[in-house]
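Visitor: Sequence:
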Amino acid sequence: MLFQPKNRRLEQSLSNIGIFFNFFLMALKVDISSIWLMGKKPFIIGIISLSIPSMVTFIVYFFIRNLLGYHVKSKHDFSLPLLAMLCHSFFFVQAEVLSELGLLSSELGRLALSASIIQDLIFWILTPVFNSMTQSQYGEKNVILHLLFFAIMVAFIILVIRPYALWVVRNTPSHARVREVHITLITLLVILMALASDIVGASYIVGPMLMGLALPSGPPLGTALVGQIDLVATELILPLVYIVAGREMDWTAAGQDPSHGLCLGIMVLIASITKFATVAISAVYCGLPLKNGVLLGLIMDFKGIMETLILIYFKSGRVINGATYTYLILVVVAMTSISSLLVSIFYKPLDMENNVCKNVRDLSCQSELRIITCFFDDKPIPALLDFFEWLTSLVAQHCTCIYALHLKELRASSRSSLVCHHKGMEHTDQMDMDPILNHFATFAQQKKEKVTVMPFTSVVPQTNLHEDICSLVVERKIALVIVPSPRKNSVAYAEADQSVRDLIPLVLEQAQCSVGIMVYHNLTRVASTLQGHQFCIGVVFIGGPDDREVIAIAGRMAYHPSVHLNILHFRIPCIIGSKRSDLVELCVREQKLDDQVIDQLQQENAHNDRLAISEVAINDPVQIMDVIHPLGYKYDLLLVGRRHKHLSILESEALVEWTEWPELGVIGDLLASPDFKTSANILVVQQHGFS
1 MLFQPKNRRL
11 EQSLSNIGIF
21 FNFFLMALKV
31 DISSIWLMGK
41 KPFIIGIISL
51 SIPSMVTFIV
61 YFFIRNLLGY
71 HVKSKHDFSL
81 PLLAMLCHSF
91 FFVQAEVLSE
101 LGLLSSELGR
111 LALSASIIQD
121 LIFWILTPVF
131 NSMTQSQYGE
141 KNVILHLLFF
151 AIMVAFIILV
161 IRPYALWVVR
171 NTPSHARVRE
181 VHITLITLLV
191 ILMALASDIV
201 GASYIVGPML
211 MGLALPSGPP
221 LGTALVGQID
231 LVATELILPL
241 VYIVAGREMD
251 WTAAGQDPSH
261 GLCLGIMVLI
271 ASITKFATVA
281 ISAVYCGLPL
291 KNGVLLGLIM
301 DFKGIMETLI
311 LIYFKSGRVI
321 NGATYTYLIL
331 VVVAMTSISS
341 LLVSIFYKPL
351 DMENNVCKNV
361 RDLSCQSELR
371 IITCFFDDKP
381 IPALLDFFEW
391 LTSLVAQHCT
401 CIYALHLKEL
411 RASSRSSLVC
421 HHKGMEHTDQ
431 MDMDPILNHF
441 ATFAQQKKEK
451 VTVMPFTSVV
461 PQTNLHEDIC
471 SLVVERKIAL
481 VIVPSPRKNS
491 VAYAEADQSV
501 RDLIPLVLEQ
511 AQCSVGIMVY
521 HNLTRVASTL
531 QGHQFCIGVV
541 FIGGPDDREV
551 IAIAGRMAYH
561 PSVHLNILHF
571 RIPCIIGSKR
581 SDLVELCVRE
591 QKLDDQVIDQ
601 LQQENAHNDR
611 LAISEVAIND
621 PVQIMDVIHP
631 LGYKYDLLLV
641 GRRHKHLSIL
651 ESEALVEWTE
661 WPELGVIGDL
671 LASPDFKTSA
681 NILVVQQHGF
691 S
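According to the UniProt record's numbering, the sequence shown is numbered sequentially starting from 1.
These are calculated hints, taken from the structure and not from any lab test.
Just so we're clear, the structure is a prediction, and the values are computed from it rather than from any experiment.
We put the CB at the ideal spot given by N, CA and C, even for glycine.
Do not take every clue at face value.
Below 27 Å or equal to it, Euclidean Cα-Cα: the simulated DSSO-like pairs (lysine-lysine) are [stated by the list, open to error]:
no., residue 1, residue 2
1, LYS40, LYS448
2, LYS645, LYS592
3, LYS634, LYS592
Between beta-carbon pairs, the in silico distance windows are [what the hints assert, rightly or not]:
no., residue 1, residue 2, range
4, GLN366, GLN596, 32 to 40 Å
5, TYR242, SER367, 54 to 62 Å
6, LEU126, LEU185, 24 to 32 Å
7, SER367, MET55, 23 to 31 Å
8, ARG177, PRO630, 46 to 54 Å
9, LEU341, PRO461, 38 to 46 Å
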């Protein structure tokens, strides 16, 4: 019944409601304070890629003005806002398309969003000015009144609505929901701002958008508003915009005047090519590789819902006719389709084929060890600090650099971010960090020159949580990534977000370095606070590349004066469980390499009475647990390799199917299971480059 011709006015009204609510949500998801943290690149790219294409397009337009003259409604030139639209990159469009392509958290994605925010600010500041200029035919007094009323509306948003929103945030208890009365009142204010901005001569979009920018993004208020409004406004009402856009297309008029389509095509082509070129050139000027500059130019040419809304607005105001509208709608669809296809084909953020990957074993004993650790909350912090305490010794020659990455899932925001809180080599801005990252900064201060901490906060969509980790691995030449996860029988495991369990396999698969999964429990004490306490660390060494990586990590721990390192070297005959001669030969080669690693560790610790190596001959995995079970409460940390593919008995289908947590491997899963009674944390290590 809704889509009958007689109900078109109702469709238009509902679509307008969906439009201004979506603009409000779009602005709400933008953290306006982040604009000043963007650096120079977005400002340079954003301003140059808007101003130069606009000027070039305007100049070319004046040369072919006679051909377009019959599309001018009056003596006032409609082309200024229309051509500006062709040269503009809207933040909401960029965020929507990049999200669909899975590039929201990529380097180019973040840069494109930052540059588009700059362009949006310019566009929405100039829009009321242009609208007021169109009213000059009614006298200068009318123009002044429009600008005055617009200024009053802006002042009301800044001086009344924003303080009210901040008061709501301050008076909402932590982890509590915002009261419905506040949500209802703000929703009514959005409608009021739409009416007010339309009355004062600006578009009905401007008021809600300015209000969205003024409100604090994120929890509790921003998240609550998005949760309450987004479903109805985006999923139910906004699709009407596309229905209206399709119905307004006039194929008959477009077919009657192909020369007009040619003229518009020239304008669009000039605007697109000029914008593409200026983005690419300015990106290269800012230090980006040429390929990334070209891809950024394609990204900044994305068109979408914003351009569609503006065209509907012009069409309903009879600023453009049906033919112009039809051609430009087709242009919007074609440009986004082509650009997004090319970007998805040629831009691979995690394509690391030309990068040299590192493992801990690749480093000498004196080399700096660079580690990334990531976490969602403060629960794994004690276990992580214990590990870094044991890994770092004031008497050792090596240093440790810790990249502490606090992961936050992108919810009430459209713009992902990776914020480094380290200001130069000697200063970390603790006031700008959350308390979780402050734990690492304090730890670094205690360790003086032996530990450097680089604290980061990453806000990305759930599906892209691993990308910042993998990008930092290559950018900072990381040798080890530590991903914490609670033990299965712990309260933390029951409360663990699905994001944690989704993150681990992605990091294992895509990180270009060794990966350690820290299985922790809630009983951990921070080792650095226990002066004079002795700690016992056990290594379950079965053999293979992953276990040899474990030995490299344990070898650094052996320098710590409070660490007693006990290596249990389990020897399994290669012939057991394997009938293939090639697998037996592989096993023999691996065991020779294992013996070399153990011998090297013994030589390096010849005078270290805190290192003990025990050999245990076994015939099946059950015997491993029989040996370790009685020692479960002896250890503070247990280390084991994730894979043992050279030993068929440990990789049998029966054992693999029995494994509850495949990411930990067969032995790691046994150690982390509730059946294994231990107070120790478990570190399961995977060496990169071995499959």
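Visitor: Each of the hints needs a verdict: does it hold here or not?
Guide: Hints versus structure:
1. LYS40 - LYS448: Violated: LYS40 and LYS448 sit about 33 Å apart, past 27 Å.
2. LYS645 - LYS592: Holds, at about 15 Å.
3. LYS634 - LYS592: 30 Å, violated
4. GLN366 - GLN596: 32 to 40 Å: 20 Å, violated
5. TYR242 - SER367: 54 to 62 Å: Distance hint for TYR242, SER367 holds at roughly 57 Å.
6. LEU126 - LEU185: 24 to 32 Å: Given about 31 Å between the Cβ atoms, the range holds.
7. SER367 - MET55: 23 to 31 Å: Distance hint for SER367, MET55 is violated at roughly 53 Å.
8. ARG177 - PRO630: 46 to 54 Å: Cβ of ARG177 to Cβ of PRO630: about 50 Å, so the range 46 to 54 Å holds.
9. LEU341 - PRO461: 38 to 46 Å: 21 Å, violated
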